[in-house]
Amino acid sequence: MKYRMVAASFFGLLAAGALVLTGQAPALSAEMSAYDIVKKSEELTDQANDSTADMTMILVNDKGQKRERKLSAFVKKYGEDSSKSILFFESPADVKGTSFLVWTENKEDKQWLYLPALQRVRQISASGKGESFMGTELTFFDMGSHDVDDYTFTQLGEEPADGEDCYKIEALPKKVEFYSKIIFWIRKSNFIPAKADFYDPKGRYEKQGTFTQVKNIQSINTPMHIEMHNVQNKRTTIIELENVVYDTGLKDAMFTERYMKRGK
Amino acid sequence: MKKIVRFSVHHPWRVIAVVLCITGFFLVQVPRVKIDPRVEIVLRQNNPVEAVYNRNRQDFESYADILIGMLHTDIYNPGSLEKISRITREIEGLEGVKKVTSILSVKNISGNEGGLEVSPLAEEGEIPATREDLQALREKAQSWGVYEGVYVTADGTGTALSVVLNDTVETDDIVPIYYTLLDIMKKYEGPEEFFISGPTVVEALQGHYMIKDLKLLVPLVNIVLLGFLFLFFRNFRGMVLPLIAVGIGSVWTIGLMPMLDIPLTMVTSVLPVALIAVGSAYGIHVLENVFSDAEEGRTGSSGITASVTRVSLPVIMAGLTTIASFMSLCTSAIVPLKQFGALSSFGLFVAVVISLTFVPAVLTIVDSRGWKYRSHHHSDKDLIGPVLGFFSRISLTRSRLILGISLVLFVLSVGGGLLVKSDLNLIEDFRKGSPIRVADEILNEKFSGTSLFNVVLDGVEPDDIKDPAVLREMDALQSRLMGMEDIGKAVSVVDFIKRMNQAMHDGDPAYYTIPESKELVGQYLLLFSFSGGTGELDSFVDFDSKSGQILLQMKSQSGYLAQDVVDEVDDYRERRLRSPQVAGIFTTGLSMLAKEFNRLVVQSQVRSFTVSFILVILIVSVMFKSFKLGCYSVVPLVVPIVLNFGIMGVTGIRLNAATAVIASLAIGIGIDYSIHFLSRYRHEIRLHNSVEKAIETSLNTSGRAILYNALAVAAGFLVLVPSNFVIISQLGILVALVMITTSLASITLLPAILKVFPPRLAKERPGALAPVIPLHGFTQGIQTGEESVVGCAGKALNTQSNRRIEHEV
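Those protein sequences? They're chains A and B, same order as listed.
Heads up, the first sequence is in the working numbering, so the first residue is 1 and it goes up one at a time.
Heads up, the second sequence is in the working numbering, so the first residue is 1001 and it goes up one at a time.
Check before you lean on any hint, since a few could be wrong.
[What the hints assert, rightly or not] Partial pick of chain B residues on the chain A-facing surface, computed with a CB cut under 8 Å:
id, residue
1, Val1460
2, Asp1463
3, Lys1466
4, Met1504
5, Leu1527
6, Ser1529
7, Phe1530
8, Asp1544
[To be verified] SDA-like cross-link-like pairs, simulated, lysine to any residue; straight-line CA separation at most 20 Å:
id, chain 1, residue 1, chain 2, residue 2
9, A, Lys66, B, Glu1461
10, A, Lys70, A, Lys202
11, A, Lys181, B, Glu1095
12, B, Lys1098, A, His229
13, B, Lys1098, B, Gly1079
14, B, Lys1546, A, Leu118
15, B, Lys1518, A, Leu118
16, A, Lys66, B, Lys1546
Worth flagging that the hints you see were computed from the coordinates, not collected in a lab.
Glycine is no exception: its CB is placed at the ideal position from the N, C-alpha and C atoms.
Extracted from the complex, chain A is given alone in its bound form (with noise of 0.2 Å):
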C-alpha cells in the first residue's frame, strides 16, 4: 500500500491528489467511508502510465520576494513501487541544461545529478526526509510514498474548499515522525484533493498545500496550480504545471544518464 502526495506530482504520475491511496480493505469499519474516498482518490488520479509536464516553480519568501524556476518532468511508472524520472532546468540561466534522474525501485532511490558547466554525472546521495526539497516548502518525505499502515484515517464530515463541497478527513500517523496530523479536503465531485493542512511534529500548524485550476487531461482530473504555503516561515512555493500529457509511451532510454548530457 502506498500513497503520495501531490506534489510528488512532478516525480510521480500523478500531477495531482494530495493524497492518493492504493488501499485494500480498510482495517476497520468504522474508517469505511474516510477509506473510499481516498481510495476512490487514488484510482482516479492514479490512471496513466507515464506523463510529462513544463512546470514553473515559485519561491516565493516572508518579504514577498520571488524566486522562479522552469523545468520539464517525464515520468514513467515501472509497477506498484518503482518508478523513473527525469527533470530538466530550463532557467534560470545559470542552471540551464542541469538534469536530475531518479529511479525509484521498492521505494529505495537512486539520484544523479548532470552539472553541464562540468559535463559530468554524479550520483547524489539520498537527503534526509525531513529536508526541503530544493529549498521550496516541500520536503523529501512529502515527495515520496508513504505506507498507509502508519496512519489513522478519520472522517470528520463534510466542509467546502476551493469553492466546491468536500469531504474533510483526518489522518493521524500512528508514529509521529514529521507531521502531527493532516487533514485534507477532497472533492466530492471528482475525488481530487482541494486542500491539506499540515501539523508539525509538537502539533502546531505548519503548512497548508491548495490544489486549484483541475484540469480534465486525457479524462484524468489534474490540478494545473498547486501552493504550499508555510505558516511558521511565512514562506510560499507555487508550482504552476503546463502542456501536461498522460500516456505519450515514453522510452525507457530517456531515463538514463547518456540522455541527461543530451537534454531533452
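Assemble chain B onto chain A, guided by the hints.
Showing chain B alone in chain A's frame:
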C-alpha cells in the same frame, strides 16, 4: 500655590481619593511593563547602523542564537557522542527551537569518483561506536576547516551545539528556554562539562537579572530610606509619608512606561532606586516644616496650610532645577537615556505635586483625629560639626590654595577623562564569576567566539554573488579578516563552493578553489539544494543571491573590535576591491551597534551637559537675579563631574548607558547645594556685610545640611552596589562619590571663590525669589538648633534662622 494647598487641606478626602485612583490606574499598568534588553533598541529607529543591522537580520537566516559547549578529555567517544545525540533530540523538541546543529548533524560535502555526498557527519540516528567509526568521524570533522572551532575544537576536547530559534521567539521566551537547557545539561553532566552562552542568551539574561535586581534593590533602598526617616523624624507619619509620596511618584512613572511603550532597560531599571533616593526630599521637606510649626502650636488646617504654602516655593524650585537637569538627557540620541531623562523628570514632578497636595491632605486627616506623635529633638553627638569647622577654616584662610588645588585637580581630571572609553559590552555588564560570564569566557577560549559579526558584500544584480569575480573578492576579504586578532572564524558561501568543487573533482584537494564559471557556481548551489542543504546556505546568501555575507565569530563583542573590522573592510574596499559587481561592502552585527553607541554616547554626554548647564545657569540667574551667581553656582559642579570622568578614565570604568546618567544626576542634585549655599550667603552678607562672616555662617548652616544630604543620597545610591550588573554597581559607587565631592566642593570651592572674587550683589527686594532649597534625599537630623537648615536635612525642626530667611523672603 496657596489655593492648591488650601484645597488639599480643606478637601483632604477628595484629594486622597483622586490621587489613589490615579495611582490605582497606574498600578494596574505596572505588570504590563515589558523588559527589553535587546541592544538594537538602544539606538533610535531611524539610526542608519540599526537599519542595516535589521536589514541584515531579515536578509539572512540566523546562524546561531544559542551556543552549547561540551568539554571532555576527548569528545570522540561513544558516550559523549550519544549524549550529543540525545541532547540534540531533547532540544529540538523544545518550543521555539528551529534547528540544532552538532558535530553529528552538520552537513559534510564529500566526493569520490562515483558520486557526491552531502550528508551529516554521522548518519541520522547512528552514533559511531566502534574505534574505526570514531576515527572516521574524527577524520571527517578535521577534513574541512569550516567546522574547526565552530562545532569541534582542533584537539577534540570540546564540541559545540548551535541552536537556532524560530523567528517568532521573543526575548521574553528565551530565559525559560535557557533554564530548560541548563536543566537538560545538568542531566548529562559528568564527566563532560557543559557551558551555555550566545548573543541571544546574554541579551535575554540581562532582562532576567534586571528583574532580580529590582526585587532586591527596590526593597533595599526603601529600607535605607526608612532608616534615615526614622533617625530624622522618629515618628510613624514622618517615616511613612515621604516614602508614600515618592512611592506614588515611582508607581506613576513605571505605570506610564507601558502606556508610552517604553520598555524596562538597563538604564530605566534604575528609575525606582534613583527616584526614591532623589525624590524623597520633597516630602521630607514638607513634613519637616509642618512638624516644626506644629511644635510651635500652629496646627490644624490653617497651620498646615501655612506651613505647606511656605515651603512650596523652595520645594518647587528644587524640583525644577533637578528636573531641568534630568530633562537634558532627553537630548541624547541613545533611546534608554532619553527615556530615563523624561521618566525621571516626570517622577520627580509627581513627587513634588504629591508632596504639596496629597501629603498635606493626609496630614490634615491625621491631625483632625488628634493623633499625637513623639517629638524627635535629639542632639546627640555632632559628627559633622568638626568637619565643617575644618572646612570653614581652610576655605577662608586658604582660599587661593583651594582654588589652586581645584584647578590642578580639574586639569588632572581632564587628562584622566580623556582616557575614558565608552563601550556597550553586554557580557561584561555581568559580574565576573556569574554563570553566564564564566560560560561565555570558557566558550570564547575553547571555540571561535560567541560574538557574531557580519560582513556583507552586495552585488549589483540578483545572482551576482554566484559570479566567480565576486566570490574571489569575498574570499580575499575573508582571509584578511581571518588573520585579525580576536577573530576566531570567518565562514562564507565561498567555503561551500570550494568544497563542492573539490568533491565534484573526485575529492582532489587541488580543486579546493572557486570555479571559473558562474554557471558552475549556480549548478553547485542547485546541487547543494538537491541534497537538502538549502537551509545551511540561507545564513550566507540572501534570497535572490544578490548579497552574500562573511560570518565572523569573535572573541569579544566590543565596539573597539568592531572598529578594527570596519577599518580592515574599508581598507579592502578602497585599496583592493576590483570587481564592479560588488556594489558595496558593509559590516553589521551587535558589535556595530556597540560601536555606534560609543560614538553617540560621547556626543550625547556633551550635548546634555551643555543643555543642563545652560538651563541650570539660567534658572539660578533668574532666581538670584544675578548672572554672576548663576555662573558661580555651577563651579562646584564642574570640578566634581570632571573629577568623576577622571576617575573613570584612570580606573577603566567605561562610559556606558548607566554611567552616562551620572553627570546629569550630579548637576540636578548638586545645583541645589550651590543654591542652598548661595542663598544663605547672600542673606548673610546683607546682615553682616562681611564676606568672611557670611561664609562662616553659611557654612555652619547650609554646609551642614549639604553634607547630611549628600551622605543620604550617596547612601541611597550605594544600594545599587550589590546589583547583578557591574555597570549598575559602578553607577552606584560613582554617584555616591560624586555626591560627596559635589558637596565638598560646594563647602570649600564655592566659599573660596566667593572669598577671592566676591560678587557684588544687588539689593534684595522683598518678595523676590530667594529660595531656600530643600536638599535631596534623606538626611539625618541629629544636630543642634542654631545650625540647622531648612532643607530636609538637619534637625527636623526649623531653627529661627531658617524661619527668618523664609519670612524675610
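Which of the listed hints are broken here? 1, 10, 13, 14
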